[in-house]
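**Q** All chains, please: the whole structure from these sequences, using the hints.
Listed below are the residues making up each chain.
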Amino acid sequence: DAKTTQPTSMDCAEGRAANLPCNHSTISGNEYVYWYRQIHSQGPQYIIHGLKNNETNEMASLIITEDRKSSTLILPHATLRDTAVYYCIVSALGRGKLIFGQGTELSVKP
Amino acid sequence: NAGVTQTPKFQVLKTGQSMTLQCAQDMNHNSMYWYRQDPGMGLRLIYYSASEGTTDKGEVPNGYNVSRLNKREFSLRLESAAPSQTSVYFCASSVDLRYEQYFGPGTRLTVT
Numbered sequence: 001d002a003k004t005t006q007p008t009s010m011d012c013a014e015g016r017a018a019n020l021p022c023n024h025s026t027i028s029g030n031e032y033v034y035w036y037r038q039i040h041s042q043g044p045q046y047i048i049h050g051l052k053n054n055e056t057n058e059m060a061s062l063i064i065t066e067d068r069k070s071s072t073l074i075l076p077h078a079t080l081r082d083t084a085v086y087y088c089i090v091s092a093l094g095r096g097k098l099i100f101g102q103g104t105e106l107s108v109k110p
Numbered sequence: 001n002a003g004v005t006q007t008p009k010f011q012v013l014k015t016g017q018s019m020t021l022q023c024a025q026d027m028n029h030n031s032m033y034w035y036r037q038d039p040g041m042g043l044r045l046i047y048y049s050a051s052e053g054t055t056d057k058g059e060v061p062n063g064y065n066v067s068r069l070n071k072r073e074f075s076l077r078l079e080s081a082a083p084s085q086t087s088v089y090f091c092a093s094s095v096d097l098r099y100e101q102y103f104g105p106g107t108r109l110t111v112t
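From first to last, the protein sequence lines are chains H and Y. Counting from 1, one number per residue, gives the positions in the first sequence under this note's numbering. Counting from 1, one number per residue, gives the positions in the second sequence under this note's numbering.
Bear in mind the hints are in silico, worked out from the structure with no lab data behind them. Mixed in with the good hints there might be a few duds.
[As the list claims (entries may be wrong)] Derived pair list, reagent style EDC-like, types lysine to aspartate or glutamate, alpha-carbon separation capped at 20 Å:
#1 K97(H) x D38(Y)
#2 K97(H) x E59(Y)
#3 K97(H) x E79(Y)
#4 K52(H) x E52(Y)
#5 K97(H) x E100(Y)
#6 K97(H) x D96(Y)
#7 K97(H) x E52(Y)
#8 K3(H) x E59(Y)
#9 K97(H) x E31(H)
#10 K71(Y) x E59(Y)
**A** Here you go:
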């Protein structure tokens, strides 16, 4: 599985968009980009995933660069409840083995 | 619809004791997983079960055994607990290996 690099921490003002970057320069053609988050001490929560096209759901948008070497998770209107550790994971579909790195600790401030 | 449930929530063991962590899901998922999370770290996969009747090792299987009891239940057993197994254990399930995973609330285990 390709490795990912994320900033250790980020701050965002409540109501503003939170843009969380992820580098995955060694991603293979059959590997997807997954995003999960973990709110303090709880089990991780799935957010979104994509292969090469941009994706959007009710929680977030995922923008993947054309060369697929990096991506950005966008929370359009961050709230205090979005304060969490966000994990960017690269894995082949069907592999089932998610490798969690250190993630980005996002703090949403009033 | 409870999702993924884990028992117990907390447990303290002495070195050498054994115990089984229980996990159940009510979403009719085929695949189930066990992870551990050490302080300040991401989750690491211990074992997973792609479907009922199958189990496979993950990143850190040593010191653990698993049983896929039926489609709903996947248990994790520590035969002889060690302090290095102090961690938070999360169970997860998914429709199958291709789909997103849903996690339980975790079991906080301390081995003294």
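**Q** Now tell me, hint by hint, if it's right for this structure.
**A** Comparing the hints with the structure gives:
1. A distance of roughly 18 Å separates the Cα atoms of K97(H) and D38(Y); the hinted pair therefore holds under the 20 Å criterion.
2. With a C-alpha separation of about 9 Å, the suggested pairing of K97(H) with E59(Y) holds against the 20 Å cut-off.
3. For the hint pairing K97(H) with E79(Y), the CA-to-CA distance comes to about 24 Å; that exceeds 20 Å, so the pair is violated.
4. Note on K52(H) and E52(Y): the hinted pairing is violated, with a Cα-Cα distance of about 32 Å set against a maximum of 20 Å.
5. Between the alpha carbons of K97(H) and E100(Y) the distance comes to roughly 11 Å, so the proposed pair stays at or under 20 Å and holds.
6. Taking the CA atoms of K97(H) and D96(Y), the gap is about 12 Å. The hint holds against a cut of 20 Å.
7. Restraint check: the Cα-Cα separation between K97(H) and E52(Y) comes to about 17 Å, which is no more than 20 Å; the hinted pair holds.
8. Straight-line distance between C-alpha atoms of K3(H) and E59(Y) comes to about 15 Å, which keeps the hinted pair within the 20 Å bound.
9. At most 20 Å may separate the alpha-carbon atoms for a hinted pair to count; K97(H) and E31(H) meet this at roughly 12 Å.
10. Between K71(Y) and E59(Y) the alpha-carbon distance is near 23 Å, which puts this suggested pair outside the 20 Å criterion.
Taken one by one, the earlier hints fail for this structure at numbers 3, 4, 10, listed in ascending order.
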